[in-house]
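If you want the building blocks of each chain, they are given just below.
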Amino acid sequence: QKEVEQNSGPLSVPEGAIASLNCTYSDRGSQSFFWYRQYSGKSPELIMSIYSNGDKEDGRFTAQLNKASQYVSLLIRDSQPSDSATYLCAGSRNQGGKLIFGQGTELSVKP
Amino acid sequence: GAVVSQHPSRVICKSGTSVKIECRSLDFQATTMFWYRQFPKQSLMLMATSNEGSKATYEQGVEKDKFLINHASLTLSTLTVTSAHPEDSSFYICSARAGAPRTNEQFFGPGTRLTVL
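Those sequence lines, one after another, are chains B and D.
Numbering-wise (the numbering used here), the first sequence opens with residue 1 and increments by one.
Numbering-wise (the numbering used here), the second sequence opens with residue 1 and increments by one.
The reader is advised that the hints may include incorrect statements.
[Claimed, not checked] Here are some chain D residues pointing at chain B (derived, C-beta under 8 Å):
(1) T82
(2) H85
(3) F108
(4) G109
Bear in mind the hints are in silico, worked out from the structure with no lab data behind them.
Ideal Cβ positions, reconstructed from N, Cα and C, are used throughout, including at glycine.
Modelling step: build the complete structure from the supplied sequences, incorporating the hints.
Written out as structure tokens, the structure is:
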């Protein structure tokens, strides 16, 4: 079992729709979670970080964390073609410690 | 803030040669930097954790004598791929841990694409 699992996709949504990206993790000691966006051929870019149960919103992005279910999600509202990328979920045990990445979910937003 | 640079962005070398990649935190001091490798269509794999002024901590299966890491200052870490072979061709990416109050977050450099002929 991988420590951090994501559906590889591709996930295809129409422009303006809500894209829902999911991630589960196996290490109950994980405390911090991150969503990165990676365009093809580029390095990852931090979108959201979340440390406590519940929702965290930043613009069109909402991260959700449920530690009891070991589940993290990212919602993208009003999806745009420019959101088309691979989204990486990552968890960390310690503050500032090493990140364990999922395999990424490829998102395609169709105009 | 939290900008990380890498140099070179792309390098092509002959088999058997060594290649050095630099990672710099431009607007903050990074006591900890991380080196990753990413093969096509795969996720990032952590190679090692680099701490300023001390030896790097390598992940299981990563040869420390082949991938030399030096973190001599709070803004610079280097990765040297020694005696490179075609199977070392990959996308190498560094990240740096941001300072307070964002000490939990890592910011990535733009990556170095290495091709070994």
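Structure-based check of each hint:
1. T82: Cβ of T82 (chain D) sits 23 Å from chain B, so the hint is violated.
2. H85: violated, 23 Å
3. F108: Holds. Min distance 4 Å.
4. G109: holds, 6 Å
Comparing the model with each numbered hint stated earlier shows that hints 1, 2 do not hold.
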